[in-house]
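Number of protein chains: 4
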Amino acid sequence: MNQITQENIQVGEIANGLPLTIPVYRLEGNGSGPNVYIQANMHGAEVQGNAVIYQLLEKLKHATLASSVTLVPYANPIGCNQKSGEFTLGRFDPITGTNWNRMYQDHSHLVNDFVAEFIDADIETIKREFQQRLIDTTSAILDGPSYALNTGKRIALNLQKLAHQADIVLDLHTGPISAKHLYCPTYAKNSARYFDIEHVLLIPNEFDGAMDEANFCPWWQLSETYQAAGRDIPVLVEAFTVELGSQEKIDLSEAENDANSILSYLTYKEALLNSQFKPQPITRYACYLNDYLAFYAPMGGMVEYTAELGSHIKTGDTIAKILRMERYLSEQPLNNITLDKDAITILHFASASVNQGTELYKFFTNYFEL
Amino acid sequence: MNQITQENIQVGEIANGLPLTIPVYRLEGNGSGPNVYIQANMHGAEVQGNAVIYQLLEKLKHATLASSVTLVPYANPIGCNQKSGEFTLGRFDPITGTNWNRMYQDHSHLVNDFVAEFIDADIETIKREFQQRLIDTTSAILDGPSYALNTGKRIALNLQKLAHQADIVLDLHTGPISAKHLYCPTYAKNSARYFDIEHVLLIPNEFDGAMDEANFCPWWQLSETYQAAGRDIPVLVEAFTVELGSQEKIDLSEAENDANSILSYLTYKEALLNSQFKPQPITRYACYLNDYLAFYAPMGGMVEYTAELGSHIKTGDTIAKILRMERYLSEQPLNNITLDKDAITILHFASASVNQGTELYKFFTNYFEL
Amino acid sequence: MNQITQENIQVGEIANGLPLTIPVYRLEGNGSGPNVYIQANMHGAEVQGNAVIYQLLEKLKHATLASSVTLVPYANPIGCNQKSGEFTLGRFDPITGTNWNRMYQDHSHLVNDFVAEFIDADIETIKREFQQRLIDTTSAILDGPSYALNTGKRIALNLQKLAHQADIVLDLHTGPISAKHLYCPTYAKNSARYFDIEHVLLIPNEFDGAMDEANFCPWWQLSETYQAAGRDIPVLVEAFTVELGSQEKIDLSEAENDANSILSYLTYKEALLNSQFKPQPITRYACYLNDYLAFYAPMGGMVEYTAELGSHIKTGDTIAKILRMERYLSEQPLNNITLDKDAITILHFASASVNQGTELYKFFTNYFEL
Amino acid sequence: MNQITQENIQVGEIANGLPLTIPVYRLEGNGSGPNVYIQANMHGAEVQGNAVIYQLLEKLKHATLASSVTLVPYANPIGCNQKSGEFTLGRFDPITGTNWNRMYQDHSHLVNDFVAEFIDADIETIKREFQQRLIDTTSAILDGPSYALNTGKRIALNLQKLAHQADIVLDLHTGPISAKHLYCPTYAKNSARYFDIEHVLLIPNEFDGAMDEANFCPWWQLSETYQAAGRDIPVLVEAFTVELGSQEKIDLSEAENDANSILSYLTYKEALLNSQFKPQPITRYACYLNDYLAFYAPMGGMVEYTAELGSHIKTGDTIAKILRMERYLSEQPLNNITLDKDAITILHFASASVNQGTELYKFFTNYFEL
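Chains as they are written, first to last, in this note's numbering: chain A, 1 to 370; chain B, 1 to 370; chain C, 1 to 370; chain D, 1 to 370.
Next comes chain A alone, as it looks inside the complex:
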């Protein structure tokens, strides 16, 4: 059985002095596979990833590991514990409103100098040296003046420093009420076939502050810059945001399915040896981020969501009924809301009570089989 070690890292302290710590679990492989980093629960309500990490640990301890694997549940000790009413208000810093998953640091600015310096280096050197720069640059901010770091940045940088040590990074999230889907950088499209996830969002090389982007953007940039300089190197790191389903929910048996899906991908990446984990034979649909449609409530009201998660909608289909009881006599109280496009229903809002302009749904449009 593989040994698991635990380290608790401190990422902040709260007003009464209680330290904010995050548990970090590690298994060591034989060193031949890519290093793997998996975290969960950066957004407070998105708890299912913790159960997936539980199931991963249960399975990894019996696996033959080529890779070292780092697993980080409870990645955000503030978000995790921010209640408002019965629900967890953990999507953004309650003080500033900043999304906890938009506070990672972009290191793409390191690329140009690096390529100039290592233009003729071999791949191993490039990988080792660039990785070290990412780690060092992250550490330098953490070790800089402490007054320069806000709460979320300090949490994010501590996690990012761990993630930069890996070649494969998985950030486990959930949607509000959601079908499973995968945020996948376009270059890693082929890898998406190894997850048991039907819906794949193909995202471009644009940094918007998220964990996956913080890991793949600099390496993607590196590859493109070498290419511009006439040299072809692959993108050496893969990073994904895995959307496991709905928030505010723990389902241990579904978590085992998701652990299997991740292990199938890790088997493909040769992180596990002699592994039986294989992708399920399902049809996978992909959609470019530009075609990922946010549908905002065209009126305030009480919503019955009638489009099932994962369902394929045809132009003109009803996706919701919005009830407006104050106009029972004067106007139509029950309003059919339709979509003017073909689409796949990916997620919907968590509450039936919405303002005009609340994000009701997100849809894949212009989707295609992967």
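If you're looking for bench data, these hints aren't it; they were derived computationally from the structure. Since we're looking at a predicted model, the values are computed, not measured.
Any copy, or any two copies together, can satisfy a pair, since identical chains are not distinguished.
Dumping the calculated DSSO-like pairs for lysine-lysine here, alpha-carbon to alpha-carbon at most 27 Å:
hint, residue 1, residue 2
1, Lys153, Lys321
2, Lys321, Lys59
3, Lys269, Lys189
4, Lys59, Lys278
5, Lys61, Lys161
6, Lys269, Lys59
7, Lys189, Lys341
8, Lys278, Lys189
9, Lys61, Lys321
10, Lys127, Lys189
11, Lys153, Lys341
For this one, chain A is given, so just place chains B, C and D on it according to the hints.
Showing chains B, C and D alone in chain A's frame:
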């Protein structure tokens, strides 16, 4: 087709001067039946009652009405619109923490003087005169100095004034994640058989600020005081809190079922004439309020709720698994939570992420067939 | 210099397993004086009490102590850390709305049996034995089934158990924007003269869940029950809620004044020996709780609070101006709000933006010199 | 006396169907001066701007107006009414966390085509035509599919459409606890001398979603693009964010001072004729946005803010004391926080209770006399 009229009553105004109004719908009967008052959505997230009122209106406009029926959706224009993250924070005043359904006024203190004055009056006089006192006393507070009324009290009294005009009062609520259940004053136990609700909570004559209590407590007290004075009169008003299921959800077809259930009860009370609505042949279970068990989380953690809503639990059954990932190596990470009693599962908490001491479940214990 | 010891008690754990702990500081006296218990910050935003405890520790370590003194800052590790926007949302449990200072346990029900059993006991025995019952009853709840305790109750009982060991209990709070005032049980009126606090609220023997009440109600009840049984014993415990001023503020020099005020009272109670602390020669005003007037906003709007804290208002004086910009043309945009009584201004709401019915002010009415 | 007209524009509707409206007041001038647009209270807690608009209306109705002036109080009917505890949670959308003042639309992309088309047009034509494009482009989004607009965007675009009709735009805000300061685009530096505001932030031509930027960025871009094409035209619009002081406060007399300050600027811009309003002879300090230092709490704790607003700090000065009561015995409980730069104190956090990483202060550094 019966005529429906609408009145919008103003119950407050907010900081930028916008008036808070509530729509009130009315149908008039032939005057032979008991007056009926039905409201919904006093708690912001408990929206399904609005859909039930919609279905009731759709059916009542075609019914033969003995009673006048007043229907009030969106009873709380503040709670309805108080968002915090994706959910509706509408259970309590966000400023004071006071539960919106604990701000009604107890008028039981009127009873002693009334009985002394009307000791020999006939039932019709008693009913008419006592009802008028309830209405007048409520109005007097509303018409008193405006600086004496807090926000929730003003909303509650406006609704209570309408409700006191009725002989039957239904307050439509939901639980967090919940089976249907009915709060029923013990004296009205027989009426509970006419709702299609399997779980009936029998509650005593104690005022705790809720709408149902504000309506039945004074009349119950009246009956008991007459009895103490040697005269037997029934409790002349019935009031219930109807818990329709889970919050944050609109389901129009389930709302039709609930409308039918309410119409079955109203048929029994002869509010409808020539009505076909009948109770479903289901087994109903009752439990005294004292035996309604709140089960608080014995530890913090991530919860998989394994007891199904409505399920009959045996002593020692597992009701939840609590995951504690930070102790994966040091202690048991997955903790079986059991109940030490036989019970029926009525509701559970809305989030999987709980502090030690969060209310996980509520159970009927010492339950019996009604 | 007196030795100070520290113990950290655990009062809960949050969703990610972090334990909630409270630091408890103790100094031992020579045993001749009354035991003293002082806590602060039960409401999250009411932080100044922590600074007062800091100043008390700085002074007590050099004092000659007759009493043992227990000091508990950061009494509520959840409330302390519940942010919503820039402010601390720590007045009530964010999940349930229950005020953190309404969850203490009433033990007055122990009194009748106790008096029957100890009707002829000497005072020392009465004191020792009744105190032990209070402690034991509190412990029994804490040691009972853990599923029976909600989050706030567990915190409250842990503190209450410490407080029952004392003869003098001070619970340090603040108002929103507030003058200093003291909640004082009527029987302890004379003690109020030893605090440097101009405004004294005289409160009756009614339990409403607060820390001070949890400590004085049973003892007051005990005294009254002995009296009913024909025996005169004093109330053996004093408990106060000390309102230090405004919330969300730390002022170390004002904290020193408040520490001096508390030490003046403790000197009077002979908790300190050879102590120079004396009350300031100020006029103190008292008011019965029934005369403590909550003034709710008669309209929504933007408020300029014009009545100064501590000011003596005459009937008809303007206490606020409420601006209503949306009616600049149609009605009076600027509304003078007056009070129809003579009063002392004790506190006002923290925000200038109010709904109709928001508590604008609290006033002493029918006040008198103490 | 000038006529004032009122229009109420609808910018949304909430879950119970209540429309969200904003009052818009207008005065017409003789047409010779620049059009003026002034709004207030986009952030819910920043209410003082409403009082300033009140004072402006009181004065403008007696002024000789060259310009038409549009005044919009209560600009955000959701933010204005979002309470959480006693404070107003109106800085960001409570559902998404998005800052309400980051949802305006950037129209700078219109510039290149426009300059190509109007390269030789006269200034009046350029101004009229480009302004019309800004208005039309804004209208087109508002008139597009309603499912494409989220709640905040719909509010912002409605306001932006009004603002684009003006040549001078003032967005009235406040800081948390704050000295007055002015966000001023660098090109309009000279205008800053006409406000009675000591602290001026010089901001670059970068769009970050705010009202002032939405108005000056396209015009600044236009000027630069003409310059690149070899033609010199001034920036034809001025837009400022005026930070009036602290949030959650109404002070009518200070509002009159601020109204005078704004009228002094409008007099300089010849919006008023025969006007006596003049700037106060105060020293004004300026700082580039890059030098505007956010100082985050280096530790969690209870903060006494010791740097006075507007004070000039020297390197090494204490700016705060942070109390950490849980380490009274083990470490330093009272921690001096110093600044390692010369600076002017502009604002500090609203609460004394802070997490590590909470923004404690903002300072001007590398400041200079304007």
